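Asker: Residues per chain are reported as follows:
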Amino acid sequence: MKTTVVGSYPKPKWLLRIIKMYKEGKIDEKTMDEAYKDAVRAVVKDHEIAGVDIIWDGEMRREEMTSYFAERINGFVIYGEVRVWGNNYYPKPAIVDELRYRDELAINDFKFLREITDREIKVPITGAYTIVDWSFNEYYSTKEEAVYALAEVLNREFRELVKAGAKYIQLDEPAIPTHPDEIEIAKNAVEIMVKGVRAYIGMHMCYGNYRSIFPEILDFKVDQLDFEFANRNFEDLKILKEYDFDKDLGFGCIDVHTRRIETVEEVKNAIRMALDVVEPKRLYVDPDCGLKLLPRDIAFEKLKVMVRAAREVKDEL
Amino acid sequence: MHIITTTVGSYPRPEWFREYLKRMEGLQKELDVEVDRDVLRKAVREVIDRQKKAGIELVTDGQLIWHDFLATIASRIDGFYVDGLVRYFDNNLYYRIPVIKERIRRRGQILYDFKIAYEIESNIKAVLSLFTVLKLSRNIYYKSFEDSLWDLCDVLKSEIAELIDLGVKYIQFDEPSLLYADEKELKILEDVYKELTNFEAETILMTYFRSAKSIFPYVLDFGFDVIGLDFVEGFDENLDVLREYGLENVNVGIVDGRNTKMEGIDELKMRFEKIADATELKKVYISPNTGLEFLPDVKAYEKMKLVSRFKKVIT
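Residue numbers (our numbering), protein chains in the order written: chain A, 1 to 317; chain B, 1 to 315.
Hints in this document: simulated from the structure, not taken from any laboratory.
On a predicted model such as this, the values are computed, not experimentally measured, just so you know.
Honestly, I wouldn't trust all of these hints.
[To be verified] Reference excerpt, derived from the structure (chain B facing chain A, CB under 8 Å, subset only):
hint	residue
1	ARG18
2	ILE265
3	LYS269
4	ARG271
5	LYS274
[Claimed, not checked] No more than 25 Å apart at the CA atoms, straight line, and that leaves these computed lysine-lysine pairs for DSS-like:
hint	chain 1	residue 1	chain 2	residue 2
6	A	LYS23	B	LYS22
7	B	LYS274	B	LYS169
8	A	LYS167	A	LYS37
9	A	LYS20	B	LYS169
10	B	LYS261	B	LYS282
11	A	LYS143	B	LYS283
12	A	LYS37	A	LYS13
13	B	LYS42	B	LYS135
14	B	LYS143	A	LYS13
15	A	LYS13	A	LYS304
16	A	LYS111	A	LYS143
17	B	LYS261	B	LYS194
Beta carbons: idealized from backbone N, C-alpha and C, even for Gly.
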């Protein structure tokens, strides 16, 4: 039983200021790069102090999870922002040409992180289905074609990542449960993405109705499925039980949508419920989703509570 | 055949207004703070000007402070309370679901933002919704759906009466959910919509996201002067509808409002010829098939220009 994170962590306030200054042209690229690295060091330290077993760099360089990758892959352009809900917008990419690998997506981030920590590392990257679902498609005649083309691009990145030493890759695919009718496309895309990739593969999903993707999701070629549970009062554990869940379980047990810090006792209870579904060695305890929308001190406290709860349950076993 | 260019409803917020709302309201679920009327007026004026500049003849107010798409109408009526986020049809867009907890009653003017737009430009459509508002909501109060329909109908009726008093000439009902209604619901709706279309204004029923085949022939008795059909998502079936029922006054949603890809004029022309062959058209609105806020502003503007260029080609 190990503890981990889904990916993002609140950016230090000073980093946000420096990013703003960089965008205004007041800071050069070298200084910006140094700031990113220092921010990663700070975030890694937070994770280490909290005691998380498998970490990532908090996604200091990523502003969000679609356009960051689209900007680095040939075939995408970004015309501007569109709304997701309320006052929340994102730069929605458009596919205007054949999708082709151009530049590394997370290899440099991985290498830097490898230099500064001894912890196990997980590399999260948004999956092909989700990026296409959250983009306009002007080029491919079907969505399916676009998804597979992007899956090939990501497959190359994953192979390179493994060459660089990555052992654990996480596909972020929150869009999958929002289109249960297209689950076959998502499944094929995963097969393309992980082909020849010798690493432990997790897949994170939030949003949508989980029930609608069972049992098909159990046939996906991944080692672990990671879901949010805390935000849904752990009711979805029932679904896992009904379908004889036989993958490793990424168990989201910290609610990232509330600033209330969970008590150790309630997280322990949640973990015990998860152990009712999978055995300890197949359980990965983590927050529901990335922590980036929380204030940093609260995110830090939540991680500490999570790790303490996991350790105490482990000791009881 | 009289051809008029128009938009369906929503339009991307001007960037400065988007930032203003972010500052005033934040990013969480607690939205809907009172927006300064002068600021709103400035934003609405900009969006109306943009439509006119692009060649749109019958404009809308752009629904700039509609945080929840059509469900916004519910948040301005007593009896509804907003709850968690839910997906808006098959879009990557979410709205706060209205929950009906008490009897639906009029609180005050619903389209206060439209009124500001009307002061700027009187040749403009007011957009309302009935069935879709209820279908987007969760009902924990009414025992029968029909009762909720009639209560909302009463609220909308007084809203329309007020709009007519102001001098508003176009009332549009956006009803994407109608395309999922069953026969029983459609039969009830006949009587309900009759109440809402019996006014001295042009009434338009706008449907989108799929073909409208399932609402025929019932919809013919709803009393609308114009029926809007989505010829991007439901081309073939909507063509059948035109042929079978011989519609004369139609809003032809022909430019894709949900994809940045720009249609070629020839391609649009070919499609329109099929539409014109299917029935004897008298009054035709041409427009994108949906509101334009699915697109970034630069593309939304291009799509409007495409609509107006297309009009020149077919007249």
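Asker: Compare the distance between the alpha carbons of LYS111/A and LYS143/A with 25 Å, and conclude whether the hinted pair is satisfied.
Answerer: Not OK: LYS111/A and LYS143/A at ~33 Å, beyond 25 Å, violated.
Asker: Within 25 Å, alpha carbon to alpha carbon, are LYS143/A and LYS283/B?
Answerer: violated (36 Å)
Asker: Does LYS274/B meet its interface restraint, that is, does its C-beta lie within less than 8 Å of any C-beta in chain A?
Answerer: For LYS274/B, the interface hint is violated, since the closest Cβ of chain A sits about 21 Å away, which is over 8 Å.
Asker: Tell me if ILE265/B is really an interface residue toward chain A, meaning its C-beta lies closer than 8 Å to one of theirs.
Answerer: violated (17 Å)
Asker: Identify whether the interface hint at LYS269/B stands, where standing means a beta carbon of chain A within less than 8 Å of its own.
Answerer: violated (20 Å)
Asker: Take a quick look at whether LYS274/B and LYS169/B sit within 25 Å of each other, Cα to Cα.
Answerer: violated (30 Å)
Asker: If you draw a straight line from the CA of LYS13/A to the CA of LYS304/A, is it 25 Å or shorter?
Answerer: holds (21 Å)
Asker: Does LYS13/A sit within 25 Å of LYS37/A, going by the straight-line distance between their CA atoms?
Answerer: It holds: about 15 Å lies between the C-alpha atoms, which stays within 25 Å.
Asker: Just to be careful, I want the Cα atoms of LYS167/A and LYS37/A compared with a cutoff of 25 Å; is the pair within it?
Answerer: holds (22 Å)
Asker: Would you mind confirming whether the straight-line C-alpha gap from LYS42/B to LYS135/B stays at or under 25 Å?
Answerer: Judged against 25 Å, a Cα distance of about 33 Å means the pair is violated.
Asker: Given a cut of 8 Å on the nearest C-beta pair, is the interface hint for ARG18/B held or broken against chain A?
Answerer: holds (7 Å)
Asker: Please check whether ARG271/B passes as an interface residue: C-beta within 8 Å of a C-beta belonging to chain A.
Answerer: violated (17 Å)
This entry does not satisfy hints 2, 3, 4, 5, 7, 9, 10, 11, 13, 14, 16 and 17, going by the numbered hints stated previously.
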